[in-house]
Amino acid sequence: MVEFTSVSQNYSGILALDHVSFKIKRGEFISIVGPSGAGKSTIIKLLICEESPSTGKIIVAGRDITDLRSKELPFYRRKLGVVFQDFKLLPQKTVYENVAFALEVSDSSADEIREKVPDILENVGMLSKRENFPHELSGGEKQRTAIARALVHDPKILIADEPTGNLDPVNTWEIIELLFKINKTGTMVILATHNKEIVDVLKKRVITLRAGKLVADQAQGKYII
Amino acid sequence: MITFFRIIKFGIQGFWRNIVLSFNATFIMTLTLITLSIFFILNIVVTSSTGKLEEKLDITITLIDQATEQEVADFIKIIDAKPEVKKLEYINKDKLLKEWRDLFTKQPEFRDLITKQDNPLLREVRVWAYDSDNLQKISTFAEKKEFDLIVNSVSYRENQSKIKEIINYSKFLRKISLIMSLVFTGIALFVILTTIRLAIYSRREEIEIMRFVGATSLLIRAPFIFEGILYGVLATIFAEIMAIAAIWGIQSLENQYLGSAGGSIIFGNSNDSFLHLYQQYIWSILLVHLICGVLIGIVSSYIAVRKYLK
Numbered sequence: 001m002v003e004f005t006s007v008s009q010n011y012s013g014i015l016a017l018d019h020v021s022f023k024i025k026r027g028e029f030i031s032i033v034g035p036s037g038a039g040k041s042t043i044i045k046l047l048i049c050e051e052s053p054s055t056g057k058i059i060v061a062g063r064d065i066t067d068l069r070s071k072e073l074p075f076y077r078r079k080l081g082v083v084f085q086d087f088k089l090l091p092q093k094t095v096y097e098n099v100a101f102a103l104e105v106s107d108s109s110a111d112e113i114r115e116k117v118p119d120i121l122e123n124v125g126m127l128s129k130r131e132n133f134p135h136e137l138s139g140g141e142k143q144r145t146a147i148a149r150a151l152v153h154d155p156k157i158l159i160a161d162e163p164t165g166n167l168d169p170v171n172t173w174e175i176i177e178l179l180f181k182i183n184k185t186g187t188m189v190i191l192a193t194h195n196k197e198i199v200d201v202l203k204k205r206v207i208t209l210r211a212g213k214l215v216a217d218q219a220q221g222k223y224i225i
Numbered sequence: 001m002i003t004f005f006r007i008i009k010f011g012i013q014g015f016w017r018n019i020v021l022s023f024n025a026t027f028i029m030t031l032t033l034i035t036l037s038i039f040f041i042l043n044i045v046v047t048s049s050t051g052k053l054e055e056k057l058d059i060t061i062t063l064i065d066q067a068t069e070q071e072v073a074d075f076i077k078i079i080d081a082k083p084e085v086k087k088l089e090y091i092n093k094d095k096l097l098k099e100w101r102d103l104f105t106k107q108p109e110f111r112d113l114i115t116k117q118d119n120p121l122l123r124e125v126r127v128w129a130y131d132s133d134n135l136q137k138i139s140t141f142a143e144k145k146e147f148d149l150i151v152n153s154v155s156y157r158e159n160q161s162k163i164k165e166i167i168n169y170s171k172f173l174r175k176i177s178l179i180m181s182l183v184f185t186g187i188a189l190f191v192i193l194t195t196i197r198l199a200i201y202s203r204r205e206e207i208e209i210m211r212f213v214g215a216t217s218l219l220i221r222a223p224f225i226f227e228g229i230l231y232g233v234l235a236t237i238f239a240e241i242m243a244i245a246a247i248w249g250i251q252s253l254e255n256q257y258l259g260s261a262g263g264s265i266i267f268g269n270s271n272d273s274f275l276h277l278y279q280q281y282i283w284s285i286l287l288v289h290l291i292c293g294v295l296i297g298i299v300s301s302y303i304a305v306r307k308y309l310k
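Same order as they appear, the protein sequences are chains P and A. For what it's worth, UniProt numbering labels the leading residue of the first sequence as 1, then goes sequentially. For what it's worth, UniProt numbering labels the leading residue of the second sequence as 1, then goes sequentially.
Mixed in with the good hints there might be a few duds.
[Stated by the list, open to error] Here are the simulated SDA-like pairs of lysine to any residue, each with C-alpha atoms no more than 25 Å apart in a straight line:
1. A:Lys310 / P:Tyr11
2. P:Lys93 / A:Ser202
3. P:Lys71 / A:Thr3
4. A:Lys307 / P:Leu73
5. P:Lys93 / A:Val183
6. A:Lys310 / P:Arg63
7. P:Lys93 / A:Ile12
8. P:Lys79 / A:Phe212
9. P:Lys116 / A:Ser202
10. P:Lys71 / A:Asp112
11. A:Lys310 / P:Leu68
Think of the hints as simulated: they come from the structure by calculation, not from any bench.
Pulled out of the complex, with its shape left as it was, chain P reads as follows:
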């Protein structure tokens, strides 16, 4: 479902990704690991089309996303769920409105929004905080809201870029359990992290990057660097 073919990314002479190739199947849970500067975030940026690769092809659901036109971008992004380390919640919208916004941008009806948003907030344990603004939430609550927003439109792929980077251990494990639960419903989860403990416990496929190169791809891998 996701296929990187010899993808390189060059930032003014600095090679952030060097001919990286891999495939991810439907419903997989994959961790992309490596130290800072290994290229994890670059892969995420390429997947969400924040950047275009210098060379190579990225196929998502049969479509090469490197040649998407800017008008097609919003429609592509609506098919993904993305969770960031810094949560990226809209500061002037409540928890409910942040989640509803993902449906509103895709022209969902008011009835659909009224039905889906409380459900997903219930699933991530945020229903009781639905009227709170992001600045009134803890880190874990913000991330759960972000996950709810990422999932509310039923994406087939959930991309999580260091989702536990700003969280304490308790919240970290809550978020990982949530991602695990999401994966069990059939959603592909791509988790970029440098948290060894998490990767070792997950016992899922691990792609290891070092200095922009793919150095290992293990089916039930561990953090090897």
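Once you've looked at the hints, dock chain A against the given chain P.
Same frame as chain P, but now just chain A:
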């Protein structure tokens, strides 16, 4: 339709939940509109008063006594046919005598110097031009040799320097008021554009997040543009309230210091006043404010958001 209502909802939410930024932008927009109005009104006042001043400029052609009434009538016909001539008035001996008597009503020793039988006053043709610049042209035409047996003298020569002085002064006033209007309009537009850009700059992360969740450029841009329209509409209301208060203040000062002569002194017409002028133009001013405010809001927001949608 759903999108339209969501744009309005997001716009109102954005305006209300960023109330400090919205208040600042509306306040600056109000000042911009007031600045535009001040110079708009200044232009009206200057154009009106200098126009009235120039309208009073005329030339007087005095006619030789020997010229027959038929010759005079033909001469008037020729002058009146000139495209530069706005109107003319023929003053015959009877009218001149009446004017003389009216002038010296309380001085009989002068009043009775001239009688109907012994009237040395020369008949006159008073001429007004559409453009006071053309008075000289009409004067030169009337001084042509072919009219030597009809025309005695043309007053333009005598008052030439004074007339030119008045014309130049009114031109100077108009030009200065236009330049100041343009300069201050430019400054006001720059300030409001910068204010709205700063307001949107502080919300650039919001735009980035909207893009990540798949919002189209229209859905990102339109609520900001709607907020810009709100700044314009609210600023129009505030500017109108402030303008009414200012006009009342100026009017009472005019009444206090200039009394009933205020209209003549400021506008060259005793029936004119600031209040009267404002009442006359209130709908135009309101419409100009609204169009300017809304347009500035739309354009500024569009430009400011565009940067973050690339």
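Problem - Unsatisfied constraints (hint numbers, rising) - result: 5, 9 and 10
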